[in-house]
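Asks: Each chain, written out:
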Amino acid sequence: MTSALGKDLLGLEALSSEQINLILDTAEPFKEISERAIKKVPTLRGSTIVNLFFENSTRTRISFEFAEKRLSADPVNVSSAGSSVSKGETLVDTARNLEAMRIDMVVIRHGSSGAAQFLAERIESNVINAGDGMHEHPTQGLLDMLTLRDHFGDLQGKRVCICGDVLHSRVARSNIWGLRKVGAEVAVCGPRSLLPNAIDEFGVTVFDRIEDAIEWADALNILRLQIERMTGGYIPSLREYNRVFGVTRERLSRAPRDVLILHPGPMNRGVEIDSDVADGEHSVILDQVTNGIAIRMAVLYLLAGRNPELAESAKAAAR
Amino acid sequence: MPSRNSTLLDARAVERTLKRMADEILELTGGTDDLVLVGIQRRGVQLADRLIEVIAASETVRVPRGALDITLYRDDLQTVGPRPVVGRTDLPWELDGRKVVIVDDVLYTGRTVRAALDELADFGRPSRIALAVLIDRGGRELPIRADIVGKTVQIAAGDRVDVLLEEVDGKTSVMVTEAGSA
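Chains as they are written, first to last, in the working numbering: chain C, 1 to 319; chain X, 1001 to 1182.
You may find that some hints are simply not true.
[Said to hold, decoys possible] Some chain C residues well away from chain X (every beta-carbon gap over 10 angstroms; in silico):
id, residue
1, Val41
2, Thr43
3, Asp150
4, Arg159
5, Ala198
6, Arg209
7, Ala255
8, Arg257
[Unchecked claim] Straight-line Cα separation of at most 25 angstroms, SDA-like style, residue types lysine to any residue; simulated pairs:
id, chain 1, residue 1, chain 2, residue 2
9, C, Lys39, X, Ala1067
10, C, Lys31, C, Val284
11, C, Lys31, X, Gln1154
12, C, Lys69, C, Asp212
13, X, Lys1019, X, Asp1122
14, C, Lys39, X, Ser1173
15, C, Lys69, X, Gln1154
16, C, Lys181, C, Ala81
For the record, the hints were derived by calculation from the structure and aren't laboratory data.
The C-beta atom is built at its ideal place from N, Cα and C for all residues, glycine as well.
Using the sequences and the accompanying hints, generate a full structural model.
Replies: What follows is the structure in structure tokens.
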């Protein structure tokens, strides 16, 4: 095996629970590097990584860039605006041109589901999916799981409810697949217009009332209401959404236990989440951001290094 | 094939050796002031703990113990591939001006120590860095030597030296396994 993960990280659906736990375990020691005065280790020195972003995402791109730089890799950021992508170049041509410049990895964010896999099948470099359409956002799912694990220790049997716009959310899919593999119980809660038609096939519990979800859950992962996509008549109004599905302190106060609050960001305060919940004592929203860098360092590390035969013989010869 | 194991040090010999090493460390550093022992993951950490116990018994001072995992500083990631388990690095103090003694179980090629020196440099500028190893088995590939050695022995390339410690392995001994044996 090239590494315990293979060449690419495209999604959590295809990973085993062992592979997911390997990434989470590997992320642990990487947390410490970001706490050092010199936040850098030489592990990926000389590796060139292209962050190929066809959609805007400041947070994810910066998180990847920090992870790459703290591993001493050389990142280059390419965004669709202002590149030849806007002149009509295809995805594969863009990537092949980059590869001709001798790169090692591509981190891709793309508006089309399956774009990362499409690319991975056509280039030699390692490909990391940083979000493809409505499909997956594996590193976000992993950092959510790491944050939950920090708090609960073991995720086996823990109840996590994903709230809000599940329909458009790649974060939701990565979370559902990832969490179920490591033994957590997963539910979703949101207006039926924002749940996929085939939600029953995901093996999750469905709550129509946020109050029921709060009563059931150990943790809520509250998705961003993608306001830019709300022109299709999915919900009557933002105010109405907040009144029915908003996570408020008042609603949380009736929970039988403390409920951990996650949000992948950016937040719409006063829509899906109230400010006093976002900033409340059970919120781990900023821990998610910190953990994001450790997870991405772990993934970069595990995908790097690629000479399988040599690896086996070197391991045998060591000691 | 019959395995050809031999015991280089038994549990009591390891204990005696550590006592002598602890004395030599104190001689080298002129006492426990500003002294920090830093074990290299994994067994160097337990050896550092044991040395600290020995020092505490004679000096009534508990020297701080750090841990270094050098996995991320290796020079063979591209050839060997990622090691699946990266251990914890734990150096919670300012190292500037302190005397650091790196502790490891076996000194062989010197590449681990090279990596440890690089990692320490990212944490500060100790006034002195010394190296203490339980076993020096020869076979250096870099210009590195230990300041304090428990036992020096020439072991052929390909043969293995395993330091077993009660805390990790359930028993303490140093074993040599010859190449070709299981």
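Asks: Take the hints in turn and mark each one as holding or not.
Replies: Here's how the hints hold up against the structure:
At the 10 angstroms boundary, the C-beta of C:Val41 falls inside the reach of chain X, the nearest C-beta of that chain being 4 angstroms off. Not every beta carbon of chain X lies more than 10 angstroms from that of C:Thr43, the smallest distance being close to 4 angstroms; the non-interface claim is violated. A cut-off of 10 angstroms between C-beta atoms confirms that C:Asp150 is not in contact with chain X; the least separation is 15 angstroms. The beta carbon of C:Arg159 is kept farther than 10 angstroms from every beta carbon of chain X, the shortest such distance being approximately 30 angstroms.
With a least beta-carbon separation of about 36 angstroms from chain X, C:Ala198 lies farther than 10 angstroms from that chain, consistent with its non-interface assignment. At roughly 44 angstroms from the closest C-beta of chain X, the C-beta of C:Arg209 stays outside 10 angstroms, upholding its exclusion from the interface. Non-interface status of C:Ala255 relative to chain X is upheld: no Cβ of that chain comes within 10 angstroms, the nearest being about 35 angstroms off. With a least beta-carbon separation of about 31 angstroms from chain X, C:Arg257 lies farther than 10 angstroms from that chain, consistent with its non-interface assignment.
Restraint check for C:Lys39 and X:Ala1067: the C-alpha separation of about 17 angstroms stays at or below 25 angstroms, so the hint holds. In summary, the hint linking C:Lys31 to C:Val284 is supported, as the alpha carbons are separated by about 16 angstroms, within the 25 angstroms threshold. Between the alpha carbons of C:Lys31 and X:Gln1154 the distance comes to roughly 40 angstroms, so the proposed pair goes past 25 angstroms and is violated. The suggested pairing of C:Lys69 with C:Asp212 is violated, with an alpha-carbon distance near 44 angstroms, which exceeds 25 angstroms.
At roughly 31 angstroms between alpha-carbon atoms, X:Lys1019 and X:Asp1122 are farther apart than 25 angstroms, so this suggested pair is violated. With a CA separation close to 38 angstroms, the supplied pair C:Lys39 and X:Ser1173 exceeds the 25 angstroms bound. Taken as a hint, the C:Lys69 and X:Gln1154 pair is broken in the structure, with Cα atoms around 42 angstroms apart against an allowance of 25 angstroms. At most 25 angstroms may separate the alpha-carbon atoms for a hinted pair to count; C:Lys181 and C:Ala81 exceed this at roughly 38 angstroms.
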